[in-house]
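Student: Can you make the complete structure from the sequences, with help from the hints?
Just so you know, the protein sequences line up as chains A and B, in that order. Under the numbering used here, the first residue of the first sequence carries the number 1, and numbering increases by one thereafter. Under the numbering used here, the first residue of the second sequence carries the number 1001, and numbering increases by one thereafter.
Simulated from the structure, these hints should not be mistaken for lab results. Be aware that one or more of the hints could be misleading.
To be verified - Output of the computed footprint for chain B on chain A, the stretches with three or more beta carbons under 8 Å from beta carbons of chain B:
no. : stretch
1   : 59 to 73
2   : 144 to 153
3   : 157 to 169
4   : 183 to 190
Claimed, not checked - Below are the SDA-like pairs computed for lysine to any residue, each with C-alpha atoms no more than 20 Å apart in a straight line:
no. : chain 1 : residue 1 : chain 2 : residue 2
5   : B       : Lys1056   : A       : Phe116
6   : B       : Lys1028   : A       : Ala95
7   : A       : Lys56     : B       : Lys1028
Cβ atoms here follow ideal geometry from the backbone N, Cα and C, with glycine treated the same way.
2 protein chains.
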Amino acid sequence: MTPRKRVETMEENRARLITAARRAFAEKGYANASMDDLTAAAGLTRGALYHSFGDKRGLLAAVVNQIDEEMAARAQAIGDRIDDEWEALMAVGAAYIELALEPEIQRIVLLDGPAFLGDPLQWPSQNSCLQSTQTSVRRMVAQGVMAPVDPEAAARLMNGAALNAALWVAASDDPQAVLQRAIDAFRLLSRGLLARPG
Amino acid sequence: MTPRKRVETMEENRARLITAARRAFAEKGYANASMDDLTAAAGLTRGALYHSFGDKRGLLAAVVNQIDEEMAARAQAIGDRIDDEWEALMAVGAAYIELALEPEIQRIVLLDGPAFLGDPLQWPSQNSCLQSTQTSVRRMVAQGVMAPVDPEAAARLMNGAALNAALWVAASDDPQAVLQRAIDAFRLLSRGLLARPG
DNA sequence: CAACCCACATACGATTCGTATGCGAAAGGA
DNA sequence: TCCTTTCGCATACGAATCGTATGTGGGTTG
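Tutor: So this is what it looks like as structure tokens:
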């Protein structure tokens, strides 16, 4: 059975709504984005939106999901290029801080996401970044590279530190300079998790 | 000159509105809290609210301010009881994680605050917790206890780690057990900032 | 070809916010 | 003492927005 044309256009409209929502949420924030304007910009009406996403939160969830997957892919690509696993983790952390500099990610994923969807780890997307960090930590603990630390806790704290660093950098007057300070502090802090931090 | 009675009652009404707002924001979240219900619960109307706080965001700012000061006082009290400054900082970090377990603090200060008011460090209250952490770090760097790290960056990252740990703990099924794991990981992580972490 | 289904549009009611205006009580001067 | 002004707050109004309930047209199925 070949997919019907109706289905194809529906997927298309879903994608167009998500794209329009990314723009609107990033610019005005979730709370101040009008769904009438949003859907009109996509050439549709609220009818399509409620049919595809249930409600406004459903649309936000879909948007966060999409961005989250993109973030995971980009971070993964950076980590894969480095052989030493610890250095790879540090690079991913730095990359994560830089990622959060993008207004879209900051506004939607870091601010509105937790506020309106709740704890990121319980999102369907499972916050992919955190997930990969956790498995990486688990491996290094097994290898004795890292001290015997709870992998989930370590991943949580490192991500939290990076996240907050990103908010700090983004709000500063001189992002480039502050970015370097943040990354340096991140490396120093992470050192504590090594088996032989000296 | 004695204060006029009108002023006294006005301060009283301000306080009553803030108290009602704390309850409403904590229970329903900032976005879903109705100002009509809010003010009615305080025995007033929206007129008083707009007169005292300008708009809804102004009320949120006042609420966040009040809670933030309470948090700083409680953390300070814990840190003051410990002589060794490093151990005091660790204790404050742990206390901060525990503080964030309270739904009121979590919902209002950690989720809605950043989402609707922007970066915490630029709030009028200046996020007192972070401020004291920063000065503490500065002293220890000068004493050679801590490695030569940027005090602002270190304070930012430590607070971020603690904040995220708290969100994690609060969302978990067994908060007490997870709390211990979070605090242990926090201490291990922070070790990296010491001059001699071995 | 007729009945049906589905994706989406339209119409409507219910909240909620911000502002503009009204009112009563206290303060101050003649 | 009386009149006027000020101030804190209530009331009234308009605008915006969300969710639901209903309508509709093109494609599908029997």
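Student: Determine for every hint whether it applies to the structure shown.
Tutor: Here's how the hints hold up against the structure:
Restraint check on the stretch 59 to 73 of chain A versus chain B: 0 residues with Cβ-Cβ distances below 8 Å, three needed, restraint violated. By the rule of at least three residues with a Cβ nearer than 8 Å to a Cβ of chain B, the coverage given for the stretch 144 to 153 of chain A holds, with 5 such residues. Check on the stretch 157 to 169 of chain A: 11 of its residues sit with their Cβ under 8 Å from a Cβ of chain B, so the three-residue criterion for coverage holds. Counting residues of the stretch 183 to 190 of chain A whose CB falls under 8 Å from any CB of chain B gives 6; the rule of at least 3 is met.
Distance restraint check for Lys1056 (chain B) and Phe116 (chain A): the Cα-Cα separation of roughly 18 Å lies within the 20 Å cut-off, and the hinted pair is therefore satisfied. The hinted pair formed by Lys1028 (chain B) and Ala95 (chain A) fails the criterion: a straight-line CA distance of about 35 Å is larger than 20 Å. Under the criterion of a C-alpha separation no larger than 20 Å, the hint pairing Lys56 (chain A) with Lys1028 (chain B) is consistent with the structure, at around 17 Å.
The structure fails to meet hints 1, 6 from the earlier list, while all remaining hints are met.
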